[in-house]
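Asker: Chain by chain, the residues:
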Amino acid sequence: MKVFDCPVIGPRPISEFDYGGEVRRPPMEADAPSWAAYVFNRQGAPGLLREWWYHRPTGRWYVMERDTLKDEVVRFIDLEEVRYDIPA
Amino acid sequence: MPWRLLKYGLKSSHNEPRFFPEAKPLKPHYDVVIIGGGGHGMACAYYLAKEHGITNVAVLEQGYIGGGNTGRNTTIVRSNYLTPEGVKFYDTSLKLFEDLSDDFDLNIFYSTRGHFTLAHTDSALRTMRWRAEVNKHHGIESEVVDRDFIAKEVPYMDLDCAGTHPVMGALYHAPGAVARHDAVAWGYARGAYNRGVEIHQKTRVTAIRTQGDKVTGVETDRGFVSCNKVVSMVAGSTPRITSMLGLETPIEIFPLQACVSEPVKPFMDTIVVSGSLHVYVSQSSRGEMVMGASMDPSVLHSTRSSFNFVEGLTDQMIDLFPFMSRMKVMRQWAGMSDITPDFAPIMGKTPIDGFYLDAGWGTWGFKATPVSGKTLAWTLANDRNHELIEPFRLSRFTDFELVGEKGAASVGH
Ligand SMILES: Cc1cc2nc3c(=O)[nH]c(=O)nc-3n(C[C@H](O)[C@H](O)[C@H](O)COP(=O)(O)OP(=O)(O)OC[C@H]3O[C@@H](n4cnc5c(N)ncnc54)[C@H](O)[C@@H]3O)c2cc1C
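So the protein lines, in turn, are chains A and B.
Per numbering that gives the first Met the number 0, the very first residue in the first sequence carries number 0; after that it's consecutive.
Per numbering that gives the first Met the number 0, the very first residue in the second sequence carries number 0; after that it's consecutive.
Keep in mind that the hints were calculated from the coordinates and are not lab data.
Please read all numbers here as calculations on a predicted model, not as lab measurements.
Zero decoy hints are in this set.
Straight-line C-alpha distance at most 30 Å; calculated DSSO-like pairs for lysine-lysine:
hint, chain 1, residue 1, chain 2, residue 2
1, B, 49, B, 87
2, B, 94, B, 348
3, A, 1, B, 327
4, B, 201, A, 69
5, B, 405, B, 94
6, B, 405, A, 69
7, B, 405, B, 87
8, B, 49, B, 201
9, B, 348, B, 201
Simulated restraints, written as ranges between beta carbons of each label pair:
hint, chain 1, residue 1, chain 2, residue 2, range
10, A, 7, B, 211, 45 to 55 Å
11, A, 85, B, 135, 41 to 51 Å
12, B, 19, A, 85, 53 to 63 Å
Just so you know, even glycine gets a beta-carbon here, dropped at the ideal spot from N, CA and C.
Chain A on its own, in the form it takes in the complex (with noise of 0.2 Å):
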């Protein structure tokens, strides 16, 4: 079994998160074609990639930076990083 060792809650088995997919940060106003862009294009080419991972025991999300190719977690990152407001 593979272990997480989760920054938060300790090591946990990796069978226990759902995979979120990419951060990704919408565009507040912008024309349809970068609306497109937002919606379905993705990172997909190897290197450290910034995801969504979802802690199913405890019901939190993550967000962590992982190198696509090594499979290894290299940063835990601060939700405050990810953040932004919405419009009023």
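Here the structure of chain A is known, so what remains is to put chain B with the ligand in place on it, guided by the hints.
Answerer: Leaving out everything else, chain B with the ligand in the frame of chain A:
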């Protein structure tokens, strides 16, 4: 043992003709460069030469022919898709497959088996009725069948699935088939080579040169070659190629794993898929049970295979086929599948003049090998998307015209 084998076993050398002679140096210029020597690349080269007389073509392959997903796939060929665009496209491919052995003068072991997609829930059965209707409308043999029919055709399966998720019915597709993947790639390659196409193995494309918005050539680890047109047919490496051009796409790479059991006497002449249990199985001509599941849950650019996969797969497989608990898993492996949001491929022209894509083949592209080669060759020759691939163009995402194929492509391959 065949005599010929014994004779070769006793001789220190033999002169079995090579499929392709040793590589020559690269020429300074080609009309078309095909990146990727998998089935798709070879098929495209073949049809460029055969149907369009374009032979100043080089296929550049970083490893060896068919060493990518072509040689790793579980070779299910079928056309019972969900969208009319998909059904028409895959059915054209299936028909081309049926004639390939003759075309190549090489046995591709094309074997029509019949393909069952099991339904364990009402909602699964509903999608199958929908698929059967779309399929029949396009003249494809596809029926929703009941438990009795399945029990007769697949008598060794436990329809109650150990009582946990009983089978309610299935989508039955009589033309569903399997074929020998290497033979398909090699047959196309030999046919292309005999018509003048150059095949360069161990040649990796490292950059694509452009001038303005136009392709002028490719850099390789064996030097630069100039060319007018480049087509990328690299499946799991597609984002690496498109990022050379700064071209964004929706493609993400997820590993897809498969395994085979030790060989046993032939007993299974159908292909069985369960979308709900995320498993599928057929028996190869060598007697191995060829088994697969859905793709790994997160993005990864690697062909590592995992214990989790075999554990999860066999758990479900034994519910369906309890006697398999006594069989041993012999080999397991993975490929990198290039997944799109709508589970349809991305094909044809791109915003860069002279750069064409054949990608987004995910877990389902082997069956499309002939039709992809044929339609891309047409597209390269005419500089216009072939009508069969127009729905799969890259710009469908900005046009908000997706081809929702997930219901038929995700586990069924
Ligand atoms: C486990 C598994 C099971 C599958 N099962 C099925 C199935 O049952 N039915 C089905 O229809 N499909 C199936 N598929 C999908 C199918 O295998 C693929 O969609 C199909 O084989 C893609 O063929 P291709 O020729 O486009 O790519 P590939 O065969 O992957 O060929 C691409 C080639 O490009 C080369 N390349 C990459 N980058 C470069 C570069 N920079 N320079 C030069 N060369 C490069 C690679 O080395 C590779 O040989 C499965 C896939 C997997 C992994």
